[in-house]
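Undergrad: Chains as they are written, first to last, in our numbering: chain A, 83 to 821; chain B, 240 to 832.
Derived from the structure by calculation, the hints contain no laboratory data. Small disclaimer: the values here were computed from a predicted structure and weren't measured. Beta carbons are placed, not taken as given, at the ideal position from N, Cα and C, and that holds for glycine. Honestly, I wouldn't trust all of these hints.
Said to hold, decoys possible - Lysine-lysine pairs mimicking DSS-like chemistry, simulated, CA-CA at most 25 Å apart:
id: 1; chain 1: B; residue 1: Lys-346; chain 2: B; residue 2: Lys-324
id: 2; chain 1: B; residue 1: Lys-697; chain 2: A; residue 2: Lys-243
id: 3; chain 1: A; residue 1: Lys-239; chain 2: B; residue 2: Lys-697
Said to hold, decoys possible - To be clear about the criterion: a stretch of chain A counts as covered by chain B if any three or more of its residues have a C-beta under 8 Å from a C-beta of chain B, and this derived list gives those stretches:
id: 4; stretch: 238–249
id: 5; stretch: 340–353
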Amino acid sequence: MEDRQPFPLAAQLRDEDITKPSSPSNSSRNGPRERANSRHEPVRLPEIHAPTPRRHLLEMSESGQWLRTPPLSPTSSRGVSPVSHFSFGAQQHPRSRASSTFSAGGHRSHSASLHALLALDNTRRVSVVGDPTSARKRVKEDSDGGMGRRCIRWMHKRGMKDWIAPGAIGAATLIKWCIGLGSYSGHATPPMFGDYEAQRHWMELTLHKPFSEWYTYDLQYWGLDYPPLTAYVSWICGIIGSWFEPSWFALDKSRGIETEGSKVFMRASVVVIDAMVYVPAIYLFVTTWQASRSKRTQNLGLLTLLFQPALLLIDFGHFQYNSVMLGLTLFAVCAFATGRDLLGAFCFVLSLGFKQMALYYAPAVGSYLLGKCLFLGPNHGSRLFIRLAVVTTLSFLLLFIPFIPPFAPLSAITHPLTRIFPFNRGLFEDKVANFWCASNVVFKWKQWASRDALVKLSASLTALGFLPSVGTLLQVGAKLRLKGEPAAGQADAHTPILPLLPYALFTSSMSFFLFSFQVHEKTILLPLMPLTLLLCGAPLNSAMFGWATLVNNVAVFSMWPLLKRDGLGLPYVATLVLWNRLIGYNPIRLPSKSFIQLISFAVYTAAVTLHIAEWLITPPQRYPDIFPVLNVLICTPVFALAWLWSIKSGVQVGWALSGLGASASASVGALRSPLENGGEPVKPRDRKVSAMSASAAATGREGGSLEGSAGNRAMSLGYAAGRRRAPLSRPRTTESGAP
Amino acid sequence: MQRQASMSSMSSNHEKASSSETANDVKRTSKLTEWLQGWGIGNSEWDILLASTCLKALLFPAYRSTDCEVHRNWLAITHSLPLSKWYYDTTSEWTLDYPPFFAYFEKLLSIPASFIDASIVDLDNLNYSAWSVVAYQRTTVILTELVLGAVLLRFIRGSVDPTAQRVISTSLFLHPGFLIVDHIHFQYNGFMFGIMLWSILMARNGNKLASGVLFAILLNFKHIYMYLAPAYFIYLLRSFCLSPSGQVQIKNFLSLANAVIGVFIASLGPFILLGQIPQLLSRLFPFTRGLNHAYWAPNAWALVTALDRVLLKYLKWTGNAVDIAAPGVASTSRGLVGDTVFAVLPNVKPIHTFAVTIAFQAIFLAKLWMNPSYKSFVTALTLCGYSSFLFGWHVHEKAVLLVLVPLSLLAAERQAYFRTFILASVAGIFSLFPLLFTPAESVVKVVYSALWLAFVYKSLSHQVYEFPKSLSYVIIDSFEKAYFAGFIPLLLFVSAFPLFVHRTTAAAASVPASVACPPSSDMGMGMACTEANTTILDNAAAGPAAALSQLEFLPLMLTSVYCAVGLVWAFCRLGFVYLKGEATYQGQMSRIG
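Please put together the full structure from these sequences, using the hints given.
TA: What follows is the structure, encoded as structure tokens:
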């Protein structure tokens, strides 16, 4: 019992402090010092609890909270200056804010600086240790912060912070592999099997056939319909696989082979390629895009991306190689962030060359690069534009090199192209939660219009859908245009329009998903990627967090019919539970009665009800597809709302960056002044700060809460906030609002 | 108590203060958290439970051994047959050979099973492997393992150093041994070890009567825990039935004896009444098995057998005419034969193994008799199980858990214990790897064990670090490091070897044929050519292939011997620390009487 002695003391202490905040007016009148002398509280109290940090008490106690942080530093272990600490407390907790105002009032009336300092000090101590509500709330927030946060915090405390990233990657690999132990698409369903067999067949095909026959060989049985990079990767996999066991990829004879060995090889190929492309890409993302954020936030972002359930289920359960395409796009996005636009363009072409679905991102990527050209001004901008055009063309030529003249007749190029873009299929396939399928319930599109008309209609709707994001990028780029010569190295730096890029990627890919022709349910992975990037580092109770998690969960739910068919019901539940627990998602904690909270509740209720109904009731004869259709009807509105929300957020961030319609000269001045400071070579770090100050200047000039919140949202991405935290007290506190 | 009081007053104050709509949500959640805290389970503990359950759920479709069918058969036996026929049924080859409590446990499990899928409990439905039976059985393993989790939580609650105990408890709950043996291979060890740790917990908390009763219950679940019985006997006798000065405490003695006898009557009573005890015992203790299990458990006998093999090769090579036992040459070269007969060394009989085991146990139990403290008890318990594992007759490799689990409790005591724990854990867990031989599950076992080891090592090592006292410590340390490093090439060899064998045999089968018969030759010619080649193939090309197939069990043998070296060394270390080092250093556990 001796070792637990400090805790009851502290508990008693808090007990006594409880009496205080219920009457704040009283405490304000008396002031903290007098209060300390009142009969309720013995004088010795501060001397007792001050030297004993709560962290130790918590560690010594019997409570189960072994991953709690010290309440002083909910976000980071760095030292906190008294001023920022004070503002932190005031921002965080309404009650302590109240008491701090009171103490500030006292300070003015007494006009004695020492007294004020004491009062301040006392308030702080009270807000940290004494005030039971705030302390309790903070502890609650600490412990409610999600498994990922708790785990990261614990490992930091135990001196294992360098092990977090390897450990997370190792654990994610383990989970991926374990998902792969189960069933896959088309398991034991001859004659056509499923996606697994398609991928395996392409390995067999590319291994045994010359380039010229890749896109023409036996098209009826899973003919190759992905761009050449997929074919090259399949080829390499085929070579490696047949080194292990030639029968896995014997031409024609291996069709539908489902031996244990071949399955292990195929599963291993996905995990290994994922570890070579996607995992480095997300690591690069958290270290470049979130370079200004704390190590813990970066680690949390890594966890969020590694365990994203939709991608895990489709790539490692259902069987596909989406992570390669997503990873290459992510590499491009990271390259843009470090100002290597040409490399980024090359990576994006590779992504397109792996899977044509990356086209969904093309409007955003293209308009970002165009916006950057506009930003750089006519001279440098056009130079960059020409370079980009050359690099893009050359990369495409490189990708298609076996199918173009020196190596093949000119007509050969038509084979891959007609296979890659199949416009001869239907408007939508199966049941997919997009506009066409959902509206098909009441309006039979196929009876009303011809296929050509529908193609045109869908194309124009899609374009309309991504137009706002494209427009914002271009407009902001043009508005912030640099006047005169950019400083040395400016052309290589990222642009202030960078925070818009994830929104644009999401808006554009979501509009493709909702409105374009021939969409698969798996394609929802494309909008999910930028959305999950936005989720990394978003505060727990922000609308951003609410939307990103809602769409992620609903996306997994929208793929339920597919996963059920593949026999992946158990991984479906397990990965969802794991990920939501990991990021600490709890719809109750969203801003109360906000739109996002209400819609979250409604959607989850509907989804759970549907699952229960599907479990209990067999669908009636007349409507065998009733459950998939209901699923579509639940998911489509969510996706559509998320799309609208992203347009709104993108426009807001655009305003925050460039100002509302006013000329941008002031912000450009703010942008340029630090650059020309002293004429010394400007480091990228300083440029980031300057980009931040541009947005801050814009926000400050326009005033108003709208831009403020949007600016903070841009900063929650961690980019515009810059690497210097100290001068930006307001965004920093908002940022740290989610310990 | 004070903490609870403060919590409740805080919450009441909180409720008073909260009037707005926002606070209502907070109140709702806080009520929920309080309710959960009433269970004494914190958020981080829920995390561990949820994450591990998710992982285990993903392992449902993984490889499972015949033990799954064994347990399904027991469900069927206990459900469809009357009690009197349980130990007589031979419908399946997997007859019931666990003590009665386990049979009752299976009977309990068979009731929900019959509702879920009646064919699970159909006695004649042999090798039934539908998704329902797999999912049901795997779920029961996860659910019954909650006993282990609850006991480990209790271990944290009253411990002297909760921080270290948390790490130990977590490491035990997530032990790769349980993942490999229970959740992939399929057994109910988590449940059993939960009862064992519960019994140890009761000993820590001073409730020795409960400790004894729980151990008696455990024995009636699975009789392998007899390995630990001597330590329990001595400990309870010395510290419960005798006063420190040596006088007999009649009351304590009688209550313990009555309780234990009561447990045994509850378990065996029905069978005593039916007069089936001899049949039951013959099922429980089949003495017809050999010295080594099919795959040699990494114990002293594995080393002896390996020495015999090496000596045999050496003698054959030198051509010395020492009389070699003929059956010994044929036996064990493949490591898969039931009865082990040595070629060179004298044969080992069961009585020898018992003598060695009891001799070692006696040494440690004497020490326990002199120092019947809790820490001494846990160490002696470990060493007792360890002796049985190293020197016992026909030991299964899975029995290494009997060593690793109690040893884990000592991990944070001091550097010497910690090093022993890491050594034994690495060697012991590696020795469990051959249980899962399918490539897909091999990845799981290796990655999971590596993650577990990194977690345990990193979170405990700096806490127990001691500066080496003398040169001999440094030398031993470097040897141990070299031993650890040796596991990596061993793992690579063990994983690559089957592939290599496969490729060589495939090449041997295909190359000569394709060389001798040009592919352009017509069908008839090709056939004739192949036939002609078979004899050549047998003589020439099959040479390396045949040699390789003889070496098929080389990876198993190497694993077993290499792990045995580590485990024997860890045994020596632990024994030495227990017998010698105790007086010089007092770990945190010594504070418990």
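Undergrad: Check each numbered hint from earlier against the structure, then list the numbers of those it violates in ascending order.
TA: none
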